[in-house]
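From first to last, the protein sequence lines are chains H and U. Quick note on numbering that gives the first Met the number 0: the first sequence kicks off at 0 and runs consecutively. Quick note on numbering that gives the first Met the number 0: the second sequence kicks off at 0 and runs consecutively.
Mixed in with the good hints there might be a few duds.
Unchecked claim - Computed from the model, here is a short list of chain U residues facing chain H with C-beta under 7 Å:
no., residue
1, R2
2, M9
3, H81
4, G82
5, V83
6, I89
7, A93
8, M111
9, F120
10, D135
11, I138
12, R146
Derived from the structure by calculation, the hints contain no laboratory data. Every residue, glycine too, gets a C-beta built ideally from N, C-alpha and C.
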Amino acid sequence: MATRIEPRDPLTQAQGVEQGYAQTARRWPSQPLLRRPHGVAELSGPRDLAHRLPPVKGDLAGYGIRRALGQLVRLRIRVLDEDGTPLPGTVVELWHCNSAGKYIHPNDTHDAPVDPNFYGAARLLTGDSGLIELRTIKPGAYPVPDTGGWWRPPHVHLSVWGRVWLSRLVTQMFFPGEPLNEADAILNAIRDPGARERCVARLAPSTSNEMIFEHQLVVRGRKGTATLP
Amino acid sequence: MSRLIPTAEMTLGPFFPREFAKDANDLVKGAPADAIEITGLVTELDGKPLDNVILEIWQADAAGRFDNPGFSGWGRAATDAHGVYRFRTIRPGAAPGRAPHVNFLILYSGLMRQLQTVMFFSAAPDPVLAVVNAKDRLIARPDGPNRYRFDIRLRGGEETPFFDD
């Protein structure tokens, strides 16, 4: 059955120029976004991403000779569509900074130290129940390199694909109970409190040496006949 | 039927891993006669070029089909320190009711969510191009044999038209 994409709800989806995040005023288009009809181009999508984007290092805490510095965590992230149907075999990309708040990226000028045993990027395929699971360390907070920046709370960047071109989801996962969550210009650009809460992972019970965080990603798209405007 | 609310999109940030974009900008294997190159400059307000902007494309095969198992149709490129991206692909055919085109998705820090635009090869009638006023900004410029130039201006003068979805 075809996939249907409904318009974004401005309460649960942010866009535009955001006070307190100066780069948005230099980059978000000044002209209104245009509505276009959706046809096969927009409501189809790549089928071979697992081949085009092969898996990259699944255990971010065990990359080096020693374990990476920081609090060991296990992330369990499930990918579903709007009908609640899990998406098996879909690519999930994930990246985050080290426990001191430093990314392994040449453009990161923050003076926090690099951890030689930490590797900050993984690409995995979801299993039968739409789930990925990986071990890493809890990322640190860091100051935003922007005019009048602020401190980002610990977060994990996530990139997933749904069934069609318009289901693409790039987002961030936050950790519960972090005081910086309350003032983050990116998390708080989401107006609806429930939608913000759904971007914060849930701490699950653990008896091992890893804290377990569970999270859910819902990509756009429902089963149904596409309605052309 | 109950419905889950889609997860809020958030900015890509400036530190998308370089390796995630490596080699993903070449959609063709070998050197087919119909290979083309699409390059362009991505700029913010005042024409300043942007480094490590992620662009993803989705296009039909030469016959205008989106379901060809022999041609991926999908690619990803990152801009370099000069704001330039590059794709190697084939010239798409016309899907039913559409002019040949390449769908673009743009992700970057300072963009709270993805931006969508479309590159066309000519001003041929198309239902998506029809909703755009500044049509010429979505038409690629020939830039040598089998080369096309498609600049993306996020904001400011000659701003690229973007689609809501």
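The hints, checked one at a time:
no.: 1; hint: R2; in the structure: 5 Å, holds
no.: 2; hint: M9; in the structure: 5 Å, holds
no.: 3; hint: H81; in the structure: 14 Å, violated
no.: 4; hint: G82; in the structure: 12 Å, violated
no.: 5; hint: V83; in the structure: 16 Å, violated
no.: 6; hint: I89; in the structure: 15 Å, violated
no.: 7; hint: A93; in the structure: 11 Å, violated
no.: 8; hint: M111; in the structure: 4 Å, holds
no.: 9; hint: F120; in the structure: 14 Å, violated
no.: 10; hint: D135; in the structure: 15 Å, violated
no.: 11; hint: I138; in the structure: 16 Å, violated
no.: 12; hint: R146; in the structure: 23 Å, violated
The structure shown violates the earlier hints numbered 3, 4, 5, 6, 7, 9, 10, 11 and 12.
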